[in-house]
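Colleague: Use these hints to put chain B onto chain A, whose structure you have.
These protein sequences, in sequence, are chains A and B. Position 482, counted from 1, in the first sequence is what our numbering calls 717; the numbers after and before it change by one each time, with no gaps. Position 379, counted from 1, in the second sequence is what our numbering calls 614; the numbers after and before it change by one each time, with no gaps.
Because the hints were derived from the structure by calculation, they are not lab data. Treat the hints loosely; a few may be bogus.
If several chains are the same, the list does not tell them apart, and a pair holds so long as it fits within one copy or across any two.
Here are the simulated DMTMM-like pairs of lysine to aspartate or glutamate, each with C-alpha atoms no more than 25 Å apart in a straight line [to be verified]:
id : residue 1 : residue 2
1  : Lys743    : Glu664
2  : Lys465    : Glu493
3  : Lys465    : Asp710
4  : Lys743    : Asp732
5  : Lys311    : Glu268
6  : Lys757    : Asp356
Number of protein chains: 2
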Amino acid sequence: MQLSGNLLIGRQSVFGGNGTIHAVHASTGAAIEPAFGGATLDDLDRACALAWAAFDTYRETGPDVRARFLETIAQKIVDIGDDLIERCMAESGLPRTRLEGERGRTVGQLRMFADVVRDGDYIGARVDPAQPERKPLPRVDLRLRHIGLGPVAVFGASNFPLAFSVAGGDTASALAAGCPVIVKAHSAHPGTSELVGRAIQQAVVDCALPEGTFSLLFDSGRDVGQGLIKDHRIKAAGFTGSRGGGMALMQLAVARPEPIPVYAEMSSINPVLLFPHALKNRGETIAGAFVSSLVLGAGQFCTNPGLVFAVDGPELDAFIRAAAAAVENTAAQTMLTPGIRRAYENAVERTGAQEAVTTAARGLDPTAGHQGRSALFVTSAEAFRGNPALQEETFGASSLIVRVPTLDVMLELIESLEGQLTSALHIDEADYADARRMLPALERRTGRILVNGFGTGVEVGHAMVHGGPYPSTADGRSTSVGSLAIHRFLRPVSYQDLPEALLPDALKRDNPLGLNRRIDGKLRLAT
Amino acid sequence: MQLSGNLLIGRQSVFGGNGTIHAVHASTGAAIEPAFGGATLDDLDRACALAWAAFDTYRETGPDVRARFLETIAQKIVDIGDDLIERCMAESGLPRTRLEGERGRTVGQLRMFADVVRDGDYIGARVDPAQPERKPLPRVDLRLRHIGLGPVAVFGASNFPLAFSVAGGDTASALAAGCPVIVKAHSAHPGTSELVGRAIQQAVVDCALPEGTFSLLFDSGRDVGQGLIKDHRIKAAGFTGSRGGGMALMQLAVARPEPIPVYAEMSSINPVLLFPHALKNRGETIAGAFVSSLVLGAGQFCTNPGLVFAVDGPELDAFIRAAAAAVENTAAQTMLTPGIRRAYENAVERTGAQEAVTTAARGLDPTAGHQGRSALFVTSAEAFRGNPALQEETFGASSLIVRVPTLDVMLELIESLEGQLTSALHIDEADYADARRMLPALERRTGRILVNGFGTGVEVGHAMVHGGPYPSTADGRSTSVGSLAIHRFLRPVSYQDLPEALLPDALKRDNPLGLNRRIDGKLRLAT
Chain A
236 MQLSGNLLIG RQSVFGGNGT IHAVHASTGA AIEPAFGGAT LDDLDRACAL
286 AWAAFDTYRE TGPDVRARFL ETIAQKIVDI GDDLIERCMA ESGLPRTRLE
336 GERGRTVGQL RMFADVVRDG DYIGARVDPA QPERKPLPRV DLRLRHIGLG
386 PVAVFGASNF PLAFSVAGGD TASALAAGCP VIVKAHSAHP GTSELVGRAI
436 QQAVVDCALP EGTFSLLFDS GRDVGQGLIK DHRIKAAGFT GSRGGGMALM
486 QLAVARPEPI PVYAEMSSIN PVLLFPHALK NRGETIAGAF VSSLVLGAGQ
536 FCTNPGLVFA VDGPELDAFI RAAAAAVENT AAQTMLTPGI RRAYENAVER
586 TGAQEAVTTA ARGLDPTAGH QGRSALFVTS AEAFRGNPAL QEETFGASSL
636 IVRVPTLDVM LELIESLEGQ LTSALHIDEA DYADARRMLP ALERRTGRIL
686 VNGFGTGVEV GHAMVHGGPY PSTADGRSTS VGSLAIHRFL RPVSYQDLPE
736 ALLPDALKRD NPLGLNRRID GKLRLAT
Chain B
236 MQLSGNLLIG RQSVFGGNGT IHAVHASTGA AIEPAFGGAT LDDLDRACAL
286 AWAAFDTYRE TGPDVRARFL ETIAQKIVDI GDDLIERCMA ESGLPRTRLE
336 GERGRTVGQL RMFADVVRDG DYIGARVDPA QPERKPLPRV DLRLRHIGLG
386 PVAVFGASNF PLAFSVAGGD TASALAAGCP VIVKAHSAHP GTSELVGRAI
436 QQAVVDCALP EGTFSLLFDS GRDVGQGLIK DHRIKAAGFT GSRGGGMALM
486 QLAVARPEPI PVYAEMSSIN PVLLFPHALK NRGETIAGAF VSSLVLGAGQ
536 FCTNPGLVFA VDGPELDAFI RAAAAAVENT AAQTMLTPGI RRAYENAVER
586 TGAQEAVTTA ARGLDPTAGH QGRSALFVTS AEAFRGNPAL QEETFGASSL
636 IVRVPTLDVM LELIESLEGQ LTSALHIDEA DYADARRMLP ALERRTGRIL
686 VNGFGTGVEV GHAMVHGGPY PSTADGRSTS VGSLAIHRFL RPVSYQDLPE
736 ALLPDALKRD NPLGLNRRID GKLRLAT
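If we strip away everything but chain A, and leave its shape as in the complex, we get (with noise of 0.2 Å):
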């Protein structure tokens, strides 16, 4: 497949004419062909009124529209076939299972959102209705359901280019509320991007939506994602990515004569608690799961488990040795882009070089360019409560653990962490009381929280939060996996006394899409 490097806007393909971008190979650092134009601020003007345009049309398309367009979308992704997973490789080091798996992962979740939208909960379709009668002021009639916020921007993240990026969780949970998508593509894979995008603009031609429902840009510097979220035609946004970038934006998002939420999800170190039991039964088993979740993906994970928090004594230093061992033994492994590669050896030697931290173990030695060697660190409780660099995400496959000298000190460690996304613990039934004693605050600072496993692996589904407290993301009452994200681009309105004639269709009387309702503030399920 022949690519253009063109911006997609609405249902135009033009060539950018504010500079140039070009994938790299992640593996050598060397140009690949086409250069992908990067948008001028015109290009961006006319992507938000396109999507401006198309939002009052966009949001009232009914459940079979929309999700047949959630549907399409995802057959065309499919369609694309090994072109894509090919060019995906070649942009972003990732090996091809990976990729594969996260073509199934991006296409289940579109899928997933298309049977969310059939569902129709999401509307959150509420009746109160009139009391004529009621004393001594008769009660008018009340009706609630949600709608889209408006377009939304979505920024690609360089560690997903399929499930995160411009087919990603945030464009499928944005379309499915309603909202019009401009996805700024993230540069390190600008090929897989228009790929998808073309997918997604030819999508929208065949169902006959408008055409401004989907935009694509590229952005040769930062006035496009700036641009985008100051556009006062933006009324949310979704990214993932670094804690800077997060804040960035969400500084100027607040900035805005109208603020708008920027729904960012930035950094965590995903802690992980050995308890006494756990570690004694089965620490050496623990080890070997926790380094393959450690170097998984080169640990390119918001979900990596960065941080280990166990009883100082033999058990654990028979696991450090299991651990340290695995690591050993691991083969570097080629990250998403040369400079998250530089960056991922700068912080390691950071974390080695801090103050009573001893460097357990580094993987073995890169046979290629660009490759992240794995890292292991121990510390102790001390060195740790007093250094708040050691709070900091390293984004690769490296991780410290800290020895405590009881569990109260451990929950005392817990209680000065930030928000983090995944918390695990590690424990046997011997345990359980003492993990019990740890819940309130994990609870307090994690979106979920594991016992037995480790965070990466985040499933698509109904149960899941991909999402906490601040700085973890920017907003911890959203998810940015599984349905539930898809409340973070709605808002409620409510309609008194119209007559029916004026109802939208999920507030009519009879009910016409058979939807479940609180009536009276009592779900009813449709019969």
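Modeller: This is chain B only, laid out in the frame that chain A set:
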């Protein structure tokens, strides 16, 4: 009932050492005894520490305990009896019937949230059961519930000394969500605040809840209010008041190391749209209802109809004549505070002095001090279009009628409006098609759309939205009235592979709380 002037910090009642405030008679401006001691920053710290200490216990109270707590507060407010009404009349200048009604609303609101807590749907429980046989990877067990955000700061409102103050909608919904509450009393009604605060304090004791579940602080300046927003243990805030006040809190909240949501309900002019057939057939009747809504409570409602759009012509002339005649016969009314009355008169004077604005009517002269005279202004579409000052809220009984040449221009002017709490359409059946054209623009910028009514009179129900896009509220994804308000103070937490012994009751396998739960994405009613 003797007032102490004391702060209520947990179970303590202590006189604040940071200056004093006095209530004043709304009608005379004379101080009312006793003095209320302003909180010091130490008092604030103590209240926050107690709230933080209470949070884990309070948020895990079962539905019956928490519901009975809300009901106990309601009953204790009723039990204060007429002392509450009399003190509140003196402090607010509001008449007895209004305050008796507002007390009923406040108590009803608390009882409604007790029902919401017992119902349990707010928990949003979801279960995706494990699928150990799934290929290629087994599926984990995932369960999701919502928990309280943490301690909430509530700022009392001047215009609802009961329903939006110490035990008002923000407090009721935060307590229902499992969040301890610290109220910063409005300085206009400290006595009312103490009486209601003591009712809550006593309910905390009677229900054997942790003392930090509730505290009440007086602020002799701005330090306590600002300090509350900045305190790291406060995780959200509720505010009803001016745009300036709300924006100041928003700015403090985003500048924190950990930003928090501020639910500020700020300003709205609540456009009223008069459509041609309704205007022709019922113009004078609508004019009467309009003026009744306008002058209700001296116009001191967030939903006061401050703006009217109608197509120019003899029918509009007749409407204006009828409305002007009604306004001219309106008695001046005591406003909430001398300061609010001054601000109102200044704003009215500024509006009357605007280019191309004519004063259609003023109400009757004051018969006592600190009374506001209602005001009705008329202008043209051109003048309105070019003058953003005419979009500013005047807090009080003032409204501006805009003569528009056509419905197309009306739509254009709607599109120029900021976010609003309400918008009202006055229509006959022959107007439906024209009304339908306006609905998308109204939905995009309004929380509640009414037909043939006015926004004043905000029903406390399940389908109510009292909220809207910025700047009507800080966060247009929320409502501050009605049962949906509880969602402002919740966040989702996901539990992966937790043993039954560690799962919260809401997510246990046999559903001991009898919750409606979403199983694999499908809503299942408890049987």
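Colleague: For Lys743 and Asp732, with the copy left unspecified, which applies at a CA distance of at most 25 Å: within, between, both, or neither?
Modeller: Answer is within: at 12 Å inside a copy they meet the 25 Å cutoff, but 41 Å across does not.
Colleague: Within, between, both or neither: how does the pair Lys743, Glu664 come out at a Cα-Cα threshold of 25 Å?
Modeller: Between. Shortest inter-copy distance 17 Å satisfies the 25 Å Cα cut-off; intra-copy 53 Å does not.
Colleague: First find the shortest C-alpha distance between Lys757 and Asp356 inside one copy, then the shortest across copies, and answer within, between, both or neither for a cut-off of 25 Å.
Modeller: Result: close both inside a copy and across copies, 14 Å intra and 9 Å inter.
Colleague: Pop the pair Lys465 and Asp710 into one bin, within, between, both or neither, using alpha-carbon distances up to 25 Å.
Modeller: Classified as both; 19 Å inside a copy, 17 Å across copies.
Colleague: Within a copy, between copies, both or neither: which one fits Lys311 and Glu268 at a CA-CA cutoff of 25 Å?
Modeller: within (23 Å within a copy, 74 Å between copies)
Colleague: At 25 Å max between alpha carbons, let me know whether Lys465 reaches Glu493 within a copy, between copies, both or neither.
Modeller: The answer is both: 9 Å in one copy and 23 Å across copies each meet 25 Å.
Of the hints listed earlier, there is not a single one the structure fails to meet.
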